[in-house]
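Please put together the full structure from these sequences, using the hints given.
What follows is the residue order along each chain.
Protein chains: 2
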Amino acid sequence: MAETTIVREKLDQAEGVLRALDIDVWITYGRETSDVAEPALPLVLDENFVWPGMVLVTGDGERIVLCETHDADTIRSVGLHDVRGYENSLEGIFHDAIESIDPDKIAINYSKSNNTADGLSLGLYKQLEEYVEGSGVDAEFVSAEPVVNRVRGVKSRTELERIQRSVDISHEILESMRAAWRPDWSEADVASFVHDEVESRGLTTAWHADACPAVDAGGQAEWGHAKPSDLTLPPGEVLHLDFGVVADGYASDMQRLYYRPVDGDASIPDDLQAAFEDVRAAIRAGFETLEAGIPGYEVDAAARETIVERGWPEFQHGFGHQVGRNVHDGGTYLGPRWERYGDAPEKEVLAGQVFTLELGIETEWGYLGQEEMAVATEDGAEYLTDPQESIASLGE
Amino acid sequence: MAETTIVREKLDQAEGVLRALDIDVWITYGRETSDVAEPALPLVLDENFVWPGMVLVTGDGERIVLCETHDADTIRSVGLHDVRGYENSLEGIFHDAIESIDPDKIAINYSKSNNTADGLSLGLYKQLEEYVEGSGVDAEFVSAEPVVNRVRGVKSRTELERIQRSVDISHEILESMRAAWRPDWSEADVASFVHDEVESRGLTTAWHADACPAVDAGGQAEWGHAKPSDLTLPPGEVLHLDFGVVADGYASDMQRLYYRPVDGDASIPDDLQAAFEDVRAAIRAGFETLEAGIPGYEVDAAARETIVERGWPEFQHGFGHQVGRNVHDGGTYLGPRWERYGDAPEKEVLAGQVFTLELGIETEWGYLGQEEMAVATEDGAEYLTDPQESIASLGE
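Order-wise, the sequence lines are chains A and B.
Taking this note's numbering, the leading residue of the first sequence gets 494, the next gets one more, and so forth.
Taking this note's numbering, the leading residue of the second sequence gets 494, the next gets one more, and so forth.
These are computed hints drawn from the structure, not numbers from a lab.
Some clues are possibly wrong.
The list treats identical chains as interchangeable, and a pair is accepted whether it falls inside one copy or across any two copies.
Claimed, not checked - Listed next, the in silico DSSO-like pairs over lysine-lysine satisfying Cα-Cα at most 30 Å (straight line): (1) Lys-605 <-> Lys-619; (2) Lys-720 <-> Lys-619; (3) Lys-598 <-> Lys-619.
Pasting the structure below:
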């Protein structure tokens with residue numbers, strides 16, 4: 494029941510979103526959801542369905558669960574829903590529920606571009622179509638993607654607290670690594686130290702541990718490829734980490750840079766400092782553009798133009814993705830309008846969405862990548878990370 | 494790469510199945526499949542897709558993977574497929590592939606009743622429809638459910654070995670419990686002992702550990718409800734366990750009965766023995782009916798009629814489900830033709846499918862449930878469990 498608070502917050506949020514979008518009912522429909530996740534289900538229900546089950550949410554405050562009687566016993570005990578059980582088939586109780594709601598528009602979870610809003614299987618969709626046709630209701634299906642984008646994307650108070658904690662822990666682990674670092678450590682040794690820190694806290698890495706942290710030791714490292722290698726970091730070069738954890742179900746994601754002093758001299762060479770300032774300026778340009786109401790691609794463009802103006806090649810990825818239950822959360826994307834990103838960069842930023850802001854350049858000292866996290870607000874954005882302002886020195 | 498052997502066996506199997514069913518190409522299409530499982534994907538690919546990707550299998554031996562270039566690098570290294578990468582969009586390489594296959598029938602993964610054959614999301618289906626319409630191909634979509642039922646349901650040699658091993662381990666753990674049992678053990682103590690045995694082998698229970706094992710101590714236990722309780726087993730009554738493990742990705746599932754001696758006397762009372770013989774007779778009737786080619790409901794009926802003829806109430810569930818990657822695997826079901834089971838009991842048993850055979854009766858000594866596992870063959874069935882022939886005595 495640990496998630497009851499969040500489900501309560503999300504159901505309240507959904508009610509307002511449905512009214513705003515003029516959608517009469519939002520249906521999340523799944524079965525055996527512990528085997529095949531319905532990514533929208535945890536937003537509206539703190540349990541799994543074994544047998545076929547539905548959650549119906551309306552803008553009028555109805556939160557109806559239709560499910561098999563065994564599933565119903567567990568769900569009823571949570572106390573957030575009007576739970577109605579069936580013995581043999583959903584059809585009868587579905588007809589009763591949908592006829593009493595009598596909707597014109599039924600939102601269902603499908604989306605070409607957003608995995609987290611595409612949890613309805615084709616088989617269950619065909620079943621639902623039959624149920625609706627067999628009812629006394631004349632309604633059209635619409636995509637619930639805008640609903641999911643808002644309800645999942647706009648973080649509740651409890652969710653922001655959890656993401657902040659996940660960020661704080663990542664900071665803490667990276668700082669332990671920096672302090673413990675030794676000159677004979679390979680990329681793999683760095684990763685192994687970080688993994689021990691993650692495990693000792695009973696957490697998991699935010700993505701596959703093979704590449705979390707990603708570790709690039711100096712100018713010889715091949716950025717963006719493969720697992721941490723046997724490379725060690727030469728003096729006067731830069732160690733780059735891309736890292737995050739999942740704590741209490743919420744992820745963090747950041748990149749940090751560390752400098753290996755030369756004969757005890759930790760002062761950063763001027764041209765390295767200048768290159769790093771170019772990266773910072775691009776991150777800052779994106780951050781300053783980020784606010785509720787603008788399309789994602791404009792935030793990307795601000796960062797992209799800045800790095801190019803400063804004479805560096807354009808980064809070959811989007812500037813920022815959402816972070817939440819997944820480290821790469823769907824919906825609005827701070828990316829360029831490239832075909833591979835579909836319409837995600839066209840979508841508007843909403844207040845309460847959490848994004849990464851990330852880019853990097855390849856240099857003789859190593860890959861200079863920076864990645865911060867920020868929450869969008871009505872009039873700007875707030876950092877959740879402590880933005881990296883200088884390249885930290887390795888070792889005590 | 495541990496699963497390469499099984500994927501190779503399954504791809505070979507799929508080729509024959511597609512020819513037999515006269516399907517030109519079977520497409521499995523997913524994205525972010527480590528977050529949202531496409532249950533058919535592990536049959537044809539030993540990796541996950543991050544970006545949208547497809548596996549196309551034909552009856553002519555083509556095994557084509559279309560995926561994003563980063564995903565492609567990993568998949569190519571496995572060496573089982575013709576892997577074609579894309580940079581921005583699947584569409585172009587999909588058109589090339591589908592036009593060269595030029596199918597009349599494209600099987601896709603949807604099913605109203607079978608979760609394991611219903612992995613295509615509605616959003617990706619709409620995308621696929623567009624891709625096909627935009628190609629030079631004029632084909633109809635059909636459900637791949639019969640393909641999945643055969644490829645997933647009919648176990649390969651390696652799969653049968655793994656299931657047998659999972660069964661053997663469950664037997665071994667239950668025997669340890671029997672030998673270690675003490676009169677002051679509650680249901681919860683029994684479960685806790687079993688969990689330690691599972692964990693010490695580095696395995697997981699076949700379903701949620703809260704109810705695996707299910708433990709019912711004597712006539713006062715409420716069968717089919719709740720977690721193991723504080724009840725202890727009175728002398729002269731029966732302890733019932735429902736238990737299984739997952740080992741190497743394959744499940745087992747069995748029920749066993751144990752008798753608590755009265756003042757050291759382990760002989761089973763005659764009327765308890767007679768009731769147990771009724772259960773055994775019903776299980777045996779089902780087992781003897783099980784063979785390739787008959788519909789599932791006939792196997793159920795043989796067991797159901799036997800228990801009713803012997804004067805006991807009809808069991809309120811199906812007689813047997815498939816076991817494989819999941820402990821409840823979809824497709825052909827040895828169940829009655831009740832609405833809740835959809836058309837699964839109508840489907841034919843295939844040689845190589847693995848089923849549970851299970852039922853029970855409520856008695857004054859406790860719930861007398863028996864559950865065996867058997868693989869169907871062309872002319873009968875073979876037990877994978879050692880069928881329980883007598884109620885074992887608890888303690889050394």
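query = Which hints from the list above does the structure break, by number from lowest to highest?
reply = 2
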